[in-house]
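Read off the chains here:
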Amino acid sequence: MPEAVAELRYIQAVNAAHRWALETYPEALVFGEDVALPNGPFGATKGLREMFGARVFDTPISESAIVGAALGAAMRGRRPIIEIMYGDFIAVAMDQIVNQVANTRYVSRGGWRAPLTIRTQQGNSPGACAQHSQSLEAWFAHTPGLRVGLPSNPRDAYEMLRSAIASDDPTMIMEHRLLYPDAAQVALDGPVEPIGGSRVVRAGTDVTVVTWSRMVGESLKAADTLADRGVSVEVIDLRWLSPLDFAPVAASVHRTGRLVVAHEANLTGGFGAEVAARVADECFWDLDAPIGRVGAPDVRIPASPVLQAVVVPAAGAVVEVVSRILAESNR
Amino acid sequence: MPEAVAELRYIQAVNAAHRWALETYPEALVFGEDVALPNGPFGATKGLREMFGARVFDTPISESAIVGAALGAAMRGRRPIIEIMYGDFIAVAMDQIVNQVANTRYVSRGGWRAPLTIRTQQGNSPGACAQHSQSLEAWFAHTPGLRVGLPSNPRDAYEMLRSAIASDDPTMIMEHRLLYPDAAQVALDGPVEPIGGSRVVRAGTDVTVVTWSRMVGESLKAADTLADRGVSVEVIDLRWLSPLDFAPVAASVHRTGRLVVAHEANLTGGFGAEVAARVADECFWDLDAPIGRVGAPDVRIPASPVLQAVVVPAAGAVVEVVSRILAESNR
Amino acid sequence: MAANREEDYRALAIIRAFEERCMTLKGAGEIPGSIHLCDGQEAIPVGACRALEARDAVTVTYRGHGWAIARGLSLVDLFAELMGRDSHLNGGRAGSPFFSSPEHGFLGENSIVAGGMPMAVGAALAAAHDGSGSVSIVSVGDGALNQGAAHEALNFAAVFALPLVLVVENNFYSEMTPIRDMVRIERLAERAPGYGIPGVTIDGNDIAVVEAAVRDAVARARSGGGPSMIEANTERLVGHYSGDLQAYRPSGEVASAREREPLTRIRRSAADEGPGAVARLDAVDREVAATIESAVEAARAIPYPAPESAREHMYA
Amino acid sequence: MAANREEDYRALAIIRAFEERCMTLKGAGEIPGSIHLCDGQEAIPVGACRALEARDAVTVTYRGHGWAIARGLSLVDLFAELMGRDSHLNGGRAGSPFFSSPEHGFLGENSIVAGGMPMAVGAALAAAHDGSGSVSIVSVGDGALNQGAAHEALNFAAVFALPLVLVVENNFYSEMTPIRDMVRIERLAERAPGYGIPGVTIDGNDIAVVEAAVRDAVARARSGGGPSMIEANTERLVGHYSGDLQAYRPSGEVASAREREPLTRIRRSAADEGPGAVARLDAVDREVAATIESAVEAARAIPYPAPESAREHMYA
Ligand SMILES: Cc1ncc(C[n+]2csc(CCOP(=O)(O)OP(=O)(O)O)c2C)c(N)n1
Ligand SMILES: Cc1ncc(C[n+]2csc(CCOP(=O)(O)OP(=O)(O)O)c2C)c(N)n1
Ligand SMILES: [Mg+2]
Ligand SMILES: [Mg+2]
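For the protein sequence lines, the chains are A, B, C and D, in the order given.
Residues in the first sequence are numbered consecutively from 1, following this note's numbering.
Residues in the second sequence are numbered consecutively from 1, following this note's numbering.
Residues in the third sequence are numbered consecutively from 1, following this note's numbering.
Residues in the fourth sequence are numbered consecutively from 1, following this note's numbering.
No lab work stands behind these hints, which were simulated from the structure alone.
There's no promise every hint is true.
Claimed, not checked - SDA-like, lysine to any residue: derived pairs with alpha carbons at most 25 Å apart:
id	chain 1	residue 1	chain 2	residue 2
1	B	Lys46	C	Gly72
2	B	Lys46	C	Ser251
3	A	Lys46	A	Ala187
4	B	Lys221	B	Gly257
5	B	Lys221	B	Asp168
6	A	Lys46	D	Gln246
7	B	Lys221	B	Arg324
8	B	Lys46	C	Asp244
Computed from a predicted model, the values in this text were never measured in an experiment.
Model the full structure from these sequences, guided by the hints.
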């Protein structure tokens, strides 16, 4: 069949995936705060109410009820796609996600399924305050029962969201609002991929940088800078933290002998530690250098851009850590 | 001065620390569900209401209000010590802990302080269900602004809780109910230690096991078993995840050349990954073997003891991983 | 009427006998973990489930054994599940406070206070979209109404006029703390107007009263009238959980509660009628005891789950 | 009375001018991030703060600039804080939606809806134990009442009869969604009885009405009468945040709101009195404009925080 391909911004790709879902699944529901009549705080759900009516609706400012309602509806045959406006607000719904949603299938020994998708966007944008800037993916990657994906580009924003919606497992899609304006060619009616899978977005031979979400772009910038210095960097977009697609990471480290993990979240306890720990166990003998990590220092996120510039990691931090790792390696 | 020393069970040591606090700080308040008139679900607050009256009180089943009330009271000069009955229930108060409590000092540039202590107990006990069995310390160790301690014995239950209460920073003390019956000699009127500090609880030369809470005891059992097999294990009780007392870990790995981190929490994304990642960076050249980790497999916690026996890690798992690491090392 | 009386008595007695047997099995170490029994509150699930249809959804709490039995779950599976055996219910993974059963529209117990309310709202939301005409009923305790999730769930259901029925089993205690010390209202049903939904307070120890109230609420919900709240007053005859010695209860409180509890009431009315009626209830007690015993035996015959199965069913 | 009128006008106008200046500074890129302005709602903070004492605690939301000004925080510091400069307030760390000031008993704004309510309850709890006799006032929006934290906080305060005053600024919208679509009650104050506390609905665009209602509530709280709720009806004259084009508002709504907003009212009464009265208000406008401009200039003179200071003040 002829593949429809469109030039879409990240946020438009998210919108297109919603439209696909509502067309594909009669049981799909879309709800959250300001998602229907106002067309969504960021436009992710633009036009859906008009197109699909009551299956798309606005809710009270009650995140626990939103998540719980999605769970109960999913257990009873619906396929809800809900939006939590900012990742930081997930904190008010943690019980529903961790103690309720994540337990549904396992505790019932497969008796129940919870095919629901929780969409949010997270991370810092210039001037955003401490309550609108966190990257909290580590909480959910540490919660068995959930799937967790962080799309870094428009194509993945579309494909990964479709994978999440099509999946019969509860899945969190954590976007980054700074990526919303990015545009790219997106194939609209290709086959829906199963959840999972990382992607080598740049091949290299000296060091492997494993990253996700906004830091993929920053890592690619860093790779350019490092290339000018004669350093060949391989960049892997992990895409999904759960399931963790580890084999390609191991294969890459086997070739490069060096690993740096980069994320926007606070360094200590971030998911970068998990990737580093897996490599330090399973790929230990392949390593020619200490494992480096890039993340925000362990502080809250200040609102002043002047301060954010030194707290929120970017390409420069990746260049720095990669350079240090190379300097410390035995080649 | 003559030091008063008493033989106390873990839970009695927690109770004694509360009494000390209420006597030492006129501004101390103790509240939570069933902590006052009923003397506490586990007896941690036994007798306090009788001794201290209105400064010790029972609250509605409203954890967000409990944590928030503690924060506001702390900002206005009180020194609250609150109890969240089970660690799992913290999920209903995550916003107050992460978006409110943790931001208080930093965002006000030190203008406000939040001297409050959040006590809870976590982990699995035979037959406990999936909503009463989790070990969630990784969430809080990944939250800058909080201090996080996990006492493994009666002496620490007393000392670490006193340190938390005396501290002007918000501190989480996460106990383990299976340790409550353990008894030991506890010095009652020694100086209050500042927050922080790990402890080498067993010296060894072949491998370093870093652990905390209930797994300290399990790791010591494992060390005995391994000693019989001629393996000398050094066991470090990390005690505090924040601040992380890394130097002694590095020093130990420098001597042993091998590291295993053991905790009861689910393996993926557990704080063991952070310790492993730090060592894989800062102590890389000291390592003679892959870094091993012990944790619960990435599943929910089933209620049947038959299943818990294979899910909840114990000494056996530590022996296994240490043995594997030794077998895989280059000596 | 007499037949009706024995039927009511049997429905209550089977739950009471189940709970009492759980206590002895717990004492004998055959049931691990702590269990939360509903002795004295049986008329609520019995009356409520009589007003429900198979297509309806039921969500309860850790104190939900009575609801499970009234909803028709197998006694054998329940005992086996509580024993941590490989029951057909949840294979021992859920245990006493968290089991569920899709084929009974039993969304499950929940051991997070009020944690099941948003889920029940979701079941009602599904009904609003799937044309099934089903209703979602959820039971929580008095203290649970002070949880944020309870508030969000009630308003959410009210806003969309979802087919939800909330039954608050007011046994006057939340664990060891009296509810009167934890709210500043006389009746918990006073919370209903704040959501713009009907709320009633009823005698939760009378099966017929409970059934009637739930029928009204279910009819309203099914016909698009939206959610409502039923506060069913009752009393706990036992501790909050298996290990609770109830030192906090005024002396005589439980004894006087035994005068008001559902089984006693029926026995009293039988006594008023005469020895024949009493004898018929004694006969029911014997049947029930036998039923429970054979269920326990059958449950004991169910093996424990295979340890290696612990990693199964995490994902689709 | 005339003096009184100009005083009222000045109190409102300084907030309005501040907000309008924020909008132009935002447009000029001098204020980063998004800002939430209170144009039209000024009478609430002005009236409320007149009923407060220095010892009292004030907790508000991201829409809290008006409260900060009415509470006496420095305009220079506020502008500087919003500009991300090294202000004496929070050194640019808090920004527009999250600043606080210990010396003003200003516990802070909060950008988690209803997130400040439990904290405000805590300030009231402190007062109940420290003998200060202080009262804790907290302002939230209409939509915030649907958060679980709002419910838990109100019941908690009610149970312990804490000196808390809740002001709900009902501007009829929650971001872009009308509150009438998100509750099934006519007045939000109907939530109060469910907690056993008094609740009133008032005209939030009249300083005197607001001041009187808050005085009552504060007096009750200070004398041990416990918490109460004041629903102050008002209207937003601008978007939810700086970038909101308000396509969702019926045409004419904002225009007619401008007829009812506090400043217009005072100007109308001045016009009724005569040209002299109007001239006096014009004079106030000129003063206010000058005050704001010099504050902006002074704020611009404050440097940005030193980047290396970003790691300071994490722990004691
Ligand atoms: C969120 C949460 N907080 C606390 C608990 C601990 N807890 C279990 S039962 C209970 C009392 C509940 O009382 P009520 O709602 O009246 O129900 P009842 O036990 O009386 O049936 C509490 C506080 C919990 N399970 N979940
Ligand atoms: C817990 C939470 N959920 C959602 C949001 C996003 N949000 C910010 S303001 C707002 C609307 C609040 O409306 P209202 O309470 O009426 O206050 P107003 O903005 O009208 O002053 C929302 C939904 C948030 N900040 N926090
Ligand atoms: Mg109760
Ligand atoms: Mg509003």
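Hints, verified against the model:
no., hint, verdict
1, Lys46(B) to Gly72(C), "42 Å, violated"
2, Lys46(B) to Ser251(C), "21 Å, holds"
3, Lys46(A) to Ala187(A), "20 Å, holds"
4, Lys221(B) to Gly257(B), "21 Å, holds"
5, Lys221(B) to Asp168(B), "36 Å, violated"
6, Lys46(A) to Gln246(D), "15 Å, holds"
7, Lys221(B) to Arg324(B), "17 Å, holds"
8, Lys46(B) to Asp244(C), "15 Å, holds"
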